[in-house]
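Enquirer: If you want the building blocks of each chain, they are given just below.
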Amino acid sequence: MRRVRNWFANPWGQPRALGAITWLYMVWSIAPVLIAILFSFNNGRSRSVWQGFSLRWWWRDPNNSVLHDPTLRGALEQSLRLAGLDMLIAVPLGVGLAIGLTRWRGYGAKPVNYLMLFPLVTPEIVMAVSLFLVFDHLYNVPFGTEAQVLGQVTFSISYVVIIVRGRLLSVGPEYEEAARDLGASPLGAFRLALLPLLYPAVFASLIVVFALSIDDFVVTQYMSAGQQTQTVPILIYQTVRGTATPALNALASLMVIVTLLSVGLAYLVYRWASRAQPVTSSGALNEIAALEA
Amino acid sequence: MKNGAVDLVQLRKQFGEVAAVDGIDVSIEAGEFFSLLGPSGCGKTTTLRLIAGFERPDGGKILVDGEDMAATPPHRRKVNTVFQSYALFPHLDVFDNVAFGLRRAHVKKGEIKGRVTRVLEAVQLGGYEKRKPGQLSGGQQQRVALARALVLEPSVLLLDEPLGALDAKLRKALQLELKAIQERFGITFVYVTHDQEEALTMSDRIAVMSGGRVEQIATPEGMYEEPETVFVADFLGVSNLMRVRAEGADGGACLTVLGDFSLRAGRGEIAHQGETHIVIRPERVVIEPYESSGANRVPGMIERVVYHGSSEQLVVRLASGDIVQALFVRDGSSHDWAQGTAVQVHLPAEALRVLPPSSPGEMAAVAEVAPPDSGAALEVGAS
Amino acid sequence: MTRRWFWPSFALPGAGWLILLFLIPTYAVVAVAFGTFDPIFSTPVPIWNPLHWQFASMRSVLSGLEPGHAFWIVFVRTVGYVAISLAGCLLIGYPVAYYLARHARRTKGLLLVLLIVPFWVSYLMRMLAWVGLLLPDGLVNRTLMDVGVISAPRAWLAGQASSVVLALVYGYVPYLILPLYATLDRIDRSVLEAGRDLGGSPIRTFLHVTLPLSRHGILAASVLIALPMFGDYYTNDIISNSPRTSMIGNQINLFFQGGSEQAVGASLVIVLSLFLAVLMSYYLWITVRASAETKESLL
Chain D
1 MRRVRNWFAN
11 PWGQPRALGA
21 ITWLYMVWSI
31 APVLIAILFS
41 FNNGRSRSVW
51 QGFSLRWWWR
61 DPNNSVLHDP
71 TLRGALEQSL
81 RLAGLDMLIA
91 VPLGVGLAIG
101 LTRWRGYGAK
111 PVNYLMLFPL
121 VTPEIVMAVS
131 LFLVFDHLYN
141 VPFGTEAQVL
151 GQVTFSISYV
161 VIIVRGRLLS
171 VGPEYEEAAR
181 DLGASPLGAF
191 RLALLPLLYP
201 AVFASLIVVF
211 ALSIDDFVVT
221 QYMSAGQQTQ
231 TVPILIYQTV
241 RGTATPALNA
251 LASLMVIVTL
261 LSVGLAYLVY
271 RWASRAQPVT
281 SSGALNEIAA
291 LEA
Chain F
1001 MKNGAVDLVQ
1011 LRKQFGEVAA
1021 VDGIDVSIEA
1031 GEFFSLLGPS
1041 GCGKTTTLRL
1051 IAGFERPDGG
1061 KILVDGEDMA
1071 ATPPHRRKVN
1081 TVFQSYALFP
1091 HLDVFDNVAF
1101 GLRRAHVKKG
1111 EIKGRVTRVL
1121 EAVQLGGYEK
1131 RKPGQLSGGQ
1141 QQRVALARAL
1151 VLEPSVLLLD
1161 EPLGALDAKL
1171 RKALQLELKA
1181 IQERFGITFV
1191 YVTHDQEEAL
1201 TMSDRIAVMS
1211 GGRVEQIATP
1221 EGMYEEPETV
1231 FVADFLGVSN
1241 LMRVRAEGAD
1251 GGACLTVLGD
1261 FSLRAGRGEI
1271 AHQGETHIVI
1281 RPERVVIEPY
1291 ESSGANRVPG
1301 MIERVVYHGS
1311 SEQLVVRLAS
1321 GDIVQALFVR
1331 DGSSHDWAQG
1341 TAVQVHLPAE
1351 ALRVLPPSSP
1361 GEMAAVAEVA
1371 PPDSGAALEV
1381 GAS
Chain E
2001 MTRRWFWPSF
2011 ALPGAGWLIL
2021 LFLIPTYAVV
2031 AVAFGTFDPI
2041 FSTPVPIWNP
2051 LHWQFASMRS
2061 VLSGLEPGHA
2071 FWIVFVRTVG
2081 YVAISLAGCL
2091 LIGYPVAYYL
2101 ARHARRTKGL
2111 LLVLLIVPFW
2121 VSYLMRMLAW
2131 VGLLLPDGLV
2141 NRTLMDVGVI
2151 SAPRAWLAGQ
2161 ASSVVLALVY
2171 GYVPYLILPL
2181 YATLDRIDRS
2191 VLEAGRDLGG
2201 SPIRTFLHVT
2211 LPLSRHGILA
2221 ASVLIALPMF
2231 GDYYTNDIIS
2241 NSPRTSMIGN
2251 QINLFFQGGS
2261 EQAVGASLVI
2271 VLSLFLAVLM
2281 SYYLWITVRA
2291 SAETKESLL
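Protein chains in written order, with the numbering used here: chain D, 1 to 293; chain F, 1001 to 1383; chain E, 2001 to 2299.
No lab work stands behind these hints, which were simulated from the structure alone.
In this text, all values refer to a predicted model and were calculated from it rather than measured experimentally.
Heads up, a few of these hints could be off.
Example chain D residues on the side facing chain E (calculated, C-beta under 7 Å, incomplete) [as the list claims (entries may be wrong)]:
no.	residue
1	R16
2	W59
3	L76
4	I99
5	V258
6	L265
7	L268
Mimicking DMTMM-like on lysine to aspartate or glutamate, the simulated pairs with C-alpha atoms at most 20 Å apart in a straight line are [claimed, not checked]:
no.	chain 1	residue 1	chain 2	residue 2
8	F	K1078	F	D1093
9	F	K1132	D	E174
10	F	K1061	F	D1007
11	F	K1078	D	E174
12	F	K1179	F	D1195
13	F	K1061	F	D1096
Note that beta-carbon positions come from the ideal geometry of N, C-alpha and C, so glycine has one too.
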């Protein structure tokens, strides 16, 4: 007993108690997800009792598998459709806003700067309710895909601004000045000198917006209109307590796999795109970390 | 006639309450190597950025070959800049960096290739066309930055501390190279630096700046030998500054009173009367045995002997209380002075210079640079 | 030196978007909360002019917020759940972030990847995983019965406060660890070594150097996860779905997705927002100050 205590308290070694907590946490945070993925291969209808391995919930079952159930497939398609549209709209808007706010030294910059920070700290339900009410009573926007995209873009913009602005601050104005000095017009300097330097940040923004959109539940649900516009998170929310089969697990697992694959792939592209620039791998990590913080 | 004359007329730039450039008048001749020298925050970089067009002046004119540039955006000015950080485009290789300006000017493709190749040869970077800036050393990056500006054949080249990021040895080599390039291309260089030695070795003329104003414009020799203000005397090299009462001209020299001693000062404002400073360079101070006598001699005591290898520096406290430094070459002829020895300090009249009385603000600035009676003054000389 | 409108024009589309779809919608909540009710279509009628505002809905919400009344109970429960979950998150998150920042060496890369994985797994997927574990015949019940802690399966998913708190901790702790790790990683190692050198034991050094230096990081990260927790209704719906554990988010959601009393829901949103404004402004202050410091250090 004493030996064990000394081993733990060894002042020159690693603090083993802390290490143990850390590894326990890692197991605790990942294991439930892995178990859920495992149950997507269950041979029975249960999502909690193992009844042997099967692929029926993925594609074997002609009616209820992810591949064949129109509800599940529709949710997956809607999730990906929204993510694509969100990326397409939020990233250009956010990049422009970041550039404008960093370079613009006028009176309007400060209030917009604050306005940009608010969506980051507003609880999603508050945002969802306000969009719900304004679409209903003022803009007359019908609920459905359009409303969902409008909502998702609104909370995505700020994340893009944070990522791109971090990069802009580290780049500084001298590259544009050099380009101007060598005869480029203001727009030319932006296109030829600044934008190429921002590519890694733009790319990181695309990944982050994709993940935000795929993961979003509250705003997307408030903006949805019935089954046609259900996304995967909405489907999980509505069926997880009820009669859902392991096909739901399979659908959720598919989302995890799609996300992790695209993030992994994106990370490799990011490394490649920023190879000529003084960005370390931990820099990339920080950019991806900055988004959530 | 050569192009590239720059005239700054009453040029002014405010940043909030602070006047970064406070109404300066500078006239730079075509083909001249002109340095703006001063401590950080003196306004030299802002002046350069005003000429380049990155800042909008709040008043005054910027004339390049007689044409006012103040309202012209940077990409339409026939001046180019070498940035302190080089600002080489990291996503472009050396060739594309150098060709950047030519492409903006819609030069034909074949001509671009020839001009880039030639300018890269001139800065000794032939064969490096396909490298990315990140794969070059600091000195090589500096040459690319220079080539990128030179290839456009500007009439004026602005250089913002271009050697600041390099180590001492490389800096020395590049100083000579820069000067050679400037002479070969025959273009006006406006060179910003805080390094007095750099300014003295390379420039045709120097403007010393302080607090947004020009203190003095002169050739390197003129600046060193004939400083016109206390600030310049103190900023450039080591100076022995002594506060005296001047009593006006008397037979080609000014009669000044330093404590209980009177000194004749043969240069500068010899007609001045009243409180002011006199200055003498350490290498002009002569240390003699205590027994020697004559005019312009003040007794003192050697406080410190600093050995510099080829030269030796003595710090002497005069009977008036002032501290004087003397510097002499160790050629075997001189005495070996020991600490604590009583000596006569000879301050020759032809080396003593009377400065115009300075404003109180200026005096504070001087005190910052070198506290008059502390050892810190020695370090200023060493840098 | 560029034209005045050059840089603002970059910001214009994004700024316009935020004004149209963030600022004005926020006002719409106020307009509905202080609006009236159309008895024929049974829909709320927003009043956009502040001079004509009606306060009936807000009054009913405020009376519901008096101690002992319906909203008061939900509100107190929400604050309690969030406080306990936050404490749980810190208890787990701080040691993990500390170990990662200070001690993990060869395994650091792997641990960081494991730390980030939950960010890329949908929140709802992670809740789904727990539903599977907490079902009556799930792994949790079976393990507890095998060990002998309980004799019959417990209904973890039917109104258990402990399940809700567990799910909240599980859901939000990754969002706490990452910013905490960033804060602790920024602390200069030499400062800590100086603490040890000046005679502090590891624990004293931690208490007197590390903890004070990471204070702002802890507060900022806590605010960052407390804000969404206050608005959370889906965790509760999935894990409990019982009015016994209902939080303020569930209450608001009920008014919009279930009933037609939008004005009351909107008033509740306003009350919640005002309550959270204190936390929000603190977080904004920290962020703005930090970005100002970054700018300074770059100059």
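Enquirer: Decide, hint by hint, whether the structure agrees.
Expert: How the hints compare with the structure:
The criterion of a C-beta within 7 Å of any C-beta in chain E is not met by R16 (chain D), whose closest approach is roughly 10 Å, and the hint is violated. Among the interface hints, the one on W59 (chain D) is violated; its C-beta lies about 20 Å from the nearest C-beta in chain E, farther than the 7 Å criterion. Nearest Cβ of chain E to the Cβ of L76 (chain D): about 12 Å, over the 7 Å cut. The hint is violated. About 5 Å separates the beta-carbon of I99 (chain D) from the nearest beta-carbon of chain E, less than 7 Å, and the hint is met.
Violation of the interface hint for V258 (chain D) is found here, the shortest Cβ-Cβ separation to chain E being roughly 10 Å, above the 7 Å cut-off. Among the interface hints, the one on L265 (chain D) is violated; its C-beta lies about 12 Å from the nearest C-beta in chain E, farther than the 7 Å criterion. With its C-beta approaching chain E no nearer than about 14 Å, L268 (chain D) sits outside the 7 Å limit, and its interface hint is violated. Distance hint between K1078 (chain F) and D1093 (chain F) is unfulfilled; the C-alpha atoms sit about 24 Å from each other, more than 20 Å.
With a C-alpha separation of about 18 Å, the suggested pairing of K1132 (chain F) with E174 (chain D) holds against the 20 Å cut-off. With a CA separation close to 8 Å, the supplied pair K1061 (chain F) and D1007 (chain F) stays within the 20 Å bound. Annotation: proposed proximity of K1078 (chain F) to E174 (chain D) holds, straight-line Cα distance about 19 Å (limit 20 Å). The straight-line distance between the Cα atoms of K1179 (chain F) and D1195 (chain F) is roughly 16 Å, inside the 20 Å bound, and the hint therefore holds.
Only pairs whose Cα atoms come within 20 Å are accepted, and K1061 (chain F) paired with D1096 (chain F) is rejected, the gap being roughly 35 Å.
The structure is inconsistent with the numbered hints 1, 2, 3, 5, 6, 7, 8, 13, although it conforms to all the rest.
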